[in-house]
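**Q** Dock chains B and C against chain A, hints included.
Residue numbers (numbering that gives the first Met the number 0), protein chains in the order written: chain A, 0 to 427; chain B, 0 to 427; chain C, 0 to 427.
Just so you know, these hints were derived from the structure itself, not from any lab. Careful: at least some of the hints might be erroneous.
In this list, chains with the same sequence are indistinguishable; a pair is considered to hold if it fits within one copy or across any two.
Here are the simulated SDA-like pairs of lysine to any residue, each with C-alpha atoms no more than 25 angstroms apart in a straight line [what the hints assert, rightly or not]: (1) Lys363 to Ser61; (2) Lys169 to Asp336; (3) Lys103 to Asn369; (4) Lys58 to Leu320; (5) Lys12 to Leu105; (6) Lys416 to Leu101; (7) Lys272 to Phe283; (8) Lys234 to Asp379; (9) Lys234 to Asn369; (10) Lys201 to Phe347; (11) Lys103 to Lys363.
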Amino acid sequence: MFDIGELMYERAKALFPINRSLTGDGVRETLNYIKRVLPELTMHQVPSGTQAFDWTVPKEWSIEQAYIICPDGEKLCDFEKCNLHLMGYSTPIDTVMPLAELQKHLYSIPSLPKAIPYVTSYYKENWGFCLTHEQRESLKEGDYHIVIKSALFDGVLNYGEVIIPGRTEKEILLSTYVCHPSMANNELSGPIVSTALAEAIKSMDNREYTYRILFLPETIGSIVYINKHLERLKKHLKAGFIVTCVGDERDYSYLSSRQEDTLADKVAMHTLKHHTDNYTTYSFLDRGSDERQFCSPGVDLPVCSIMRSKYGTFPEYHTSLDNLSLITPSGLKGAYDVLLTAIKVIEFNRVYKVKTPCEPQLGKRGLYPNTSDMQQDYSDVRRMTNFLAYADGTKDLIDIAEKIGESALSLIPIIEKLLASNLIERLD
Amino acid sequence: MFDIGELMYERAKALFPINRSLTGDGVRETLNYIKRVLPELTMHQVPSGTQAFDWTVPKEWSIEQAYIICPDGEKLCDFEKCNLHLMGYSTPIDTVMPLAELQKHLYSIPSLPKAIPYVTSYYKENWGFCLTHEQRESLKEGDYHIVIKSALFDGVLNYGEVIIPGRTEKEILLSTYVCHPSMANNELSGPIVSTALAEAIKSMDNREYTYRILFLPETIGSIVYINKHLERLKKHLKAGFIVTCVGDERDYSYLSSRQEDTLADKVAMHTLKHHTDNYTTYSFLDRGSDERQFCSPGVDLPVCSIMRSKYGTFPEYHTSLDNLSLITPSGLKGAYDVLLTAIKVIEFNRVYKVKTPCEPQLGKRGLYPNTSDMQQDYSDVRRMTNFLAYADGTKDLIDIAEKIGESALSLIPIIEKLLASNLIERLD
Amino acid sequence: MFDIGELMYERAKALFPINRSLTGDGVRETLNYIKRVLPELTMHQVPSGTQAFDWTVPKEWSIEQAYIICPDGEKLCDFEKCNLHLMGYSTPIDTVMPLAELQKHLYSIPSLPKAIPYVTSYYKENWGFCLTHEQRESLKEGDYHIVIKSALFDGVLNYGEVIIPGRTEKEILLSTYVCHPSMANNELSGPIVSTALAEAIKSMDNREYTYRILFLPETIGSIVYINKHLERLKKHLKAGFIVTCVGDERDYSYLSSRQEDTLADKVAMHTLKHHTDNYTTYSFLDRGSDERQFCSPGVDLPVCSIMRSKYGTFPEYHTSLDNLSLITPSGLKGAYDVLLTAIKVIEFNRVYKVKTPCEPQLGKRGLYPNTSDMQQDYSDVRRMTNFLAYADGTKDLIDIAEKIGESALSLIPIIEKLLASNLIERLD
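Isolated chain A (complex conformation) (with noise of 0.2 angstroms):
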């Protein structure tokens, strides 16, 4: 049986060794592969040097091989090994050092002696390898030689774009990013969870939103995003999510907007609320990834996160820990799901009136018993009723729906009987 956790986490398999970075040949890679499941998705790109606010375009990074050969000769911190060993935008170098000047360019975590760290340098040239503080406890003195063939070079930023349009122009954005090397929870579980989410929306009848699905780079490529598309993304988005950390079993969460109480808060709520066992609710405070650049000041997009382990949370986080076994099918399958859910609703999320003062006689259309009898059951009944008692034009479905304690989702069968019924109608 066709499993979509199992079709994710065999694309994250596919995609976990790749290198990527803010730009370069991974990214590409990257995006390569999505299109082959999402032909409609166009690669742009963006030349170094690009001005985007207050942000310049870096230059791109291709890398060839790294490692250091130890006095005794062993290779350490090898690229080709694992390529969380170098440190992203390291500069090029050849070079002999004692060990107390390596030790200046070297990352460990002495509280996880275990694990590789993710450390990056973008915006200053310089140079540096990760590895286990196991590893580094373990280096004698001596001269180490140091080999980085590397290059920064004026070339691109690359991100991919994803439109399924719909029935009107009010758009819904789901945004991810292709920046990390191999981390599978923050960094794969996003353009994998993403790619899923637009099969799925594609397969939608009767789309009311257009639907925008972002590949970026983090920060940067967000920020030359919206630089381009300020005033579009203004006019007609109407709700978008940050997909990051939608890998793991361990927890679902929510991160606010700025403004926090925009349309994608009510509806990721509404939907965690009801469709999960139970979630975290992280404030705009705690936030960490593009919803830094989507709810800035003068953006001001209603943009929010719906994850399961958020990023920082989880001791794996940005090391290498974080990696396939982090991440399951069932953890992948659990965030599409709420995803999925959410965008549902919002579909439906429309502001509903009924047509005539009073109760409408449901008796007559079989929508309520005929014989008054307080023995029956009469919970179908009353949701339905509790609807129309509130359906009076000033509030969306999801309105209704907290006001009666019910899901939005399971209202959705009776929006359809009423509308059927022409005992409602939707005012927007």
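**A** Only chains B and C this time, still in chain A's reference frame:
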């Protein structure tokens, strides 16, 4: 000594045996009884078949006799002995059938084996008998002779209306129902307390408001009334109360309007908080009487309920156990007192404003002690200065009372003193 | 080493013996003392009989001597020994009366047998003596010779005003009172701390606000002042504080304005929360000083109180026990510090806005680490990015500080850095 509770109880006893239903002689007999107490009552009639929004006034129902002859010749479910035995709006029948077939038309309550349930079928032609579960369990196999001498015919639906004019066209509504057969808390307490309140309102001097008191068959009656008078209600109605379940001694309760913050709700909550020991709050989701129509979208009137034990919450509800032993003179009087206090509070609930900046000099008017001495009791003075501190022309009496932690009723003598001293004015 | 607390305490000692009342030499002597410290102080006078809203300025009261000669020749309640012995505004008398009659004019506190109470009769001609309950209990039958050499005559009511101009006409008010005789926390702490604050404000550079500091007799003084200046106050006053009971060490407290959410309240609550260990909040229902006038309907000014132990809450209040041992240099300095911090916060409490969409690139300005490495301490950087995230042109400094969980004071250096980097601007 005259006791309004005893008087109300006597009236309930007189009205108890009448077989009320949505339509028919029982309603008219009940309204005629009330008209003898309140000659202002006008009786209205609406023909069967009249459209009212989504509804049609049903046929009129008359019933001569109804009973079952058991195989052993015993008479069962004799309507003459208890009008609850017959399902409301039962169609005529005279036939013999075996027990198995009869069972499909019997109603009883296994969990209340000594109670006869109250069942109706207004909008689908059907017949049925209600009996205690004990009786039902004792029925033997054999042929049963079913006799219902009833008629369904084009007639009228009746309701009564009492208007007590005030200084202005602004209206306060009391609405109660007269369509249940022999039940006490959930039927007679409503019209009985409403009648006594009408008498009390008539004797009040300088009424600001016009009072409109409706005695209707539930649901269809209020729908017909609203259909006829919606424009006027929307224009003039300031607050209304559904008067139902106001006869027992177990509880006080409040059921909010749909809008939740109308003047009616504000007055009800303030009055119950300050003039009962305790009360239960129900949301509009717990609704069940004519607030369903008065508060429906498109009608949106400020109508809530002040009750004793709410319908649906007491075990005797909609059974033969809701009889004259469930209600008491003191239970009726408690509800009457709270509702009458609510009405007094509404009458005084105006916006007041002090006439000069800074505190007035109360001492020169004998309203403040002239010697400053911390050993004195300043609490009366404090109540007055607190009232003055908040009488800023933006708050009504209840707002101020809630702000300063007093009951609105206790501030009325202070208001009268301050108006007499020309220190405050009424703004509305 | 210079200690502002010690200096304030010395000034309190100098002013303690003076017999202040609503009017008269005591007020003038006190104001002259303050004028020697603050030469800007202008002394104003208003003739007896002047109307101010609902009030009339009372006669001026002078007192030469007052005492009682006991039957045994002993001198009792000698005004020279303690000015609290004489009821404020006592009329002249020279007569002999038996103890029983004298008792009607004596005031003592049974529950505080060693305290002389503070009693006045400003608006009704009367006389009286205050003494300890122990003294009163020891009085023997016999004839008492009562001597009060006082005068009530058409004179003036005095108050002092210090104006310290700022860059704009927008005003901050400090109001304190100078009408109580020898009491310390509930009298001298107010003018003493206000005087020291005036000195500190004078030394502040680039004041945004104009400061107005009033030294008034309580109630009638503020009413007279408001009557004269209401239009200007309404136009320019942005926040004000009643400075009273600011000398002991037991408590910090805040008493809200009537409107509850003015700038003064916002600043007071924020400052007390961040710069004291703990403080007590009082509602406007607990009011008792000149906020009664400044916040009254029709005046409606943004005035609240920051205090130490509030009047009426400490046992020594309005008795001879509220003396120089109740207040301390450190108690005075604590209140001074909090009020001065509140003033600094107000000066910086502007609306800020980042100048470009998306996060600025702090790294290139040396405000953000260039190497991303989770092992670093990001807390300083986080404070700055949090400030930037909320500096959206709709929130003032305190709003942002509360949102991000910092004290406004701690954000001032960040604001200065961001203004210098041209990353933010002031909107108002």
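**Q** Look at each hint and say if it fits the structure.
**A** Verification of the supplied hints:
no.	hint	in the structure
1	Lys363 to Ser61	between (73 angstroms within a copy, 23 angstroms between copies)
2	Lys169 to Asp336	within (23 angstroms within a copy, 54 angstroms between copies)
3	Lys103 to Asn369	between (83 angstroms within a copy, 15 angstroms between copies)
4	Lys58 to Leu320	neither (29 angstroms within a copy, 77 angstroms between copies)
5	Lys12 to Leu105	neither (29 angstroms within a copy, 66 angstroms between copies)
6	Lys416 to Leu101	neither (71 angstroms within a copy, 35 angstroms between copies)
7	Lys272 to Phe283	both (19 angstroms within a copy, 23 angstroms between copies)
8	Lys234 to Asp379	neither (40 angstroms within a copy, 36 angstroms between copies)
9	Lys234 to Asn369	neither (50 angstroms within a copy, 35 angstroms between copies)
10	Lys201 to Phe347	within (17 angstroms within a copy, 53 angstroms between copies)
11	Lys103 to Lys363	between (82 angstroms within a copy, 22 angstroms between copies)
In this structure, the hints that do not hold are numbers 4, 5, 6, 8 and 9, in rising order.
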